[in-house]
Amino acid sequence: MATEAPAHGGYLDILRAPHAARLLAGTLVGRLPNGTGPIAMTLFVRDQGGSYTLAGGLIAAYGVSNAIGQPLLGRAVDLKGQPRVQLPAAVLSALGMALFALTGIGHLPLAYAAVVVAGLFTPPLEGGLRALWPSVLGREDRVHRAYALDAVAQEVMFTVGPLLVTLLVALWSPAAALLVINVLGILGALAVVLSEPSRAWRSAPREAHWLGALRSPGLLALLGSFFFVGLALGSITVAAVAYADDRGTPSVYGWLMAALGLGALAGGVLYGARRWAGAPERRLRALVALLALCYLPLMLTPGPVAMTGLSVLSGFFLAPVLACAFIVVDRHAPRGTVTEAFSWLVTTFGVGAALGSAVAGPAVELAGTVAGFAVAGAGGLVALLVLLATGRVLAVPDTPGGAGAAGRHADGGAASTAVHAEKNTH
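Per this note's numbering, the sequence shown starts with residue 404, numbered consecutively.
These are computed hints drawn from the structure, not numbers from a lab. Given the structure is predicted, the values throughout are model-derived calculations rather than measurements. In this text, a Cβ means the ideal position worked out from N, Cα and C, and glycines have one as well. Some hints could be false.
The calculated label-pair distances, taken between Cβ atoms and stated as ranges, are [to be verified]:
(1) 487 to 696: 41 to 49 Å
(2) 505 to 677: 46 to 54 Å
(3) 475 to 791: 30 to 38 Å
(4) 712 to 685: 27 to 35 Å
(5) 483 to 707: 25 to 33 Å
(6) 705 to 653: 17 to 25 Å
(7) 566 to 768: 23 to 31 Å
(8) 573 to 495: 26 to 34 Å
(9) 487 to 703: 26 to 34 Å
(10) 676 to 424: 35 to 43 Å
The whole structure should be built from the sequences, with the hints applied where relevant.
Okay, structure coming up:
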């Protein structure tokens with residue numbers, strides 16, 4: 404059930420909050436290397452004469468190392484704070500990708516080592532931002548609205564990012580594109596960690612447990628589903644390159660990826676325009692079902708104009724799925740594990756995307772472009788089946804020691820005293 408809400412006014416209310424616009428913009432710019440990395444890497448490998456399989460393998464190595472690094476760095480942020488982890492990680496990640504761009508694929512062990520370093524040290528800015536929202540915004544309803552804004556803003560990045568990479572490739576080269584987006588990533592991370600909320604933020608006390616956030620059954624169920632959502636998107640990245648090559652127009656690839664992001668942007672704006680009632684876990688199942696359904700028409704592979712339209716449709720429910728998933732993570736994450744829990748979501752998504760890229764490459768070479776998009780359709784359907792199979796687990800939002808509400812995730816220190824006082828009046 405949904406009711407109209409002053410979404411645009413609500414978004415402006417969030418952006419007017421002290422530090423909010425800076426944190427959102429800095430996080431998005433800081434995430435550009437990770438968000439556009441698979442696209443830039445694919446174009447770079449193809450420019451160097453490498454195959455789709457090699458591109459998929461390097462992206463898979465990048466994604467798997469990213470998946471390992473995100474929860475480890477997220478736990479480090481929960482324990483040590485944001486500035487001591489985020490900025491050094493951003494610099495190391497950029498150095499790894501710079502090594503890859505400068506040395507190319509001529510020496511494959513070095514190329515794989517470089518992308519592994521880049522992925523392993525990708526800073527957990529995404530989880531870090533969601534950990535900061537409670538200390539910046541206070542009330543739980545504002546935090547949930549910020550999750551929707553966050554998902555919408557991500558789609559702006561995923562719309563502009565591919566076009567930026569395409570522009571940099573056209574003006575200079577794929578290697579230059581890799582270097583530029585990683586310099587921007589460092590600048591974005593710097594903008595976040597120098598902000599007062601990031602410097603003041605401290606995680607809530609946590610129960611000592613080697614599993615950390617993974618001791619929550621509901622979180623595990625969500626992660627299982629998002630693995631296959633990631634698989635679907637990862638396969639689209641490779642299949643779209645193959646589609647562009649089939650048409651003899653490489654620039655079509657950037658337009659398809661931008662169209663997918665534009666569709667998600669539109670879906671996110673409409674989703675945020677309503678205030679949703681009822682359990683978010685039930686709503687998430689419906690949204691994932693619609694997302695899976697919209698992936699299937701991509702297998703038609705019509706002409707570029709129609710394919711761009713289908714790309715918009717395939718992305719329409721992505722931002723709503725993400726915004727709803729953020730709330731579900733918030734409801735199921737054990738206390739004191741907020742950054743780690745959100746980082747695990749990024750991790751499973753990344754592992755799924757890496758596997759999707761690795762599977763789609765051989766699928767395209769063996770059975771054509773349609774097979775690559777078929778991997779995406781299958782991934783979406785399995786993601787839905789996981790949610791349906793784990794419905795009972797997801798129906799129990801509060802785990803022992805769980806967070807339960809966004810406002811209980813963190814204590815921003817002296818800088819957030821007024822925020823906590825405000826929360827006590829609601």
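Original post:
Are residue 475 and residue 791 spaced within 30 to 38 Å by their CB atoms?
Top reply: Because 31 Å falls inside the window, the suggested range holds.
**OP:** Kindly confirm whether 23 to 31 Å is satisfied by the beta carbon distance between residue 566 and residue 768.
**Re:** holds, 27 Å
Original post:
Is it true that residue 487 and residue 696 lie within 41 to 49 Å of each other by Cβ?
Top reply: holds, 44 Å
**OP:** For the range 17 to 25 Å, tell me whether the beta carbons of residue 705 and residue 653 fit it or not.
**Re:** For residue 705 and residue 653 the Cβ distance comes to about 19 Å; the hint holds.
Original post:
Is 27 to 35 Å right for how far apart the beta carbons of residue 712 and residue 685 are?
Top reply: Between residue 712 and residue 685, where Cβ atoms are some 30 Å apart, the hint holds.
**OP:** Check the following: the C-beta atoms of residue 676 and residue 424 are separated by a distance inside 35 to 43 Å.
**Re:** violated, 20 Å
Subject >> residue 487 versus residue 703 beta-carbon gap, inside 26 to 34 Å or not >> reply: Once the Cβ atoms are compared, 50 Å apart, the range 26 to 34 Å for residue 703 and residue 487 is violated.
Original post:
Taking the beta carbons of residue 483 and residue 707, is their distance inside 25 to 33 Å?
Top reply: violated, 49 Å
Subject >> Range hint 26 to 34 Å (beta carbons of residue 573 and residue 495) holds or violated >> reply: holds, 29 Å
Original post:
Cβ-Cβ distance between residue 505 and residue 677: within 46 to 54 Å?
Top reply: Holds: the Cβ-Cβ distance is about 48 Å, inside 46 to 54 Å.
Checked against the numbered hints above, the structure breaks hints 5, 9, 10 and satisfies the rest.
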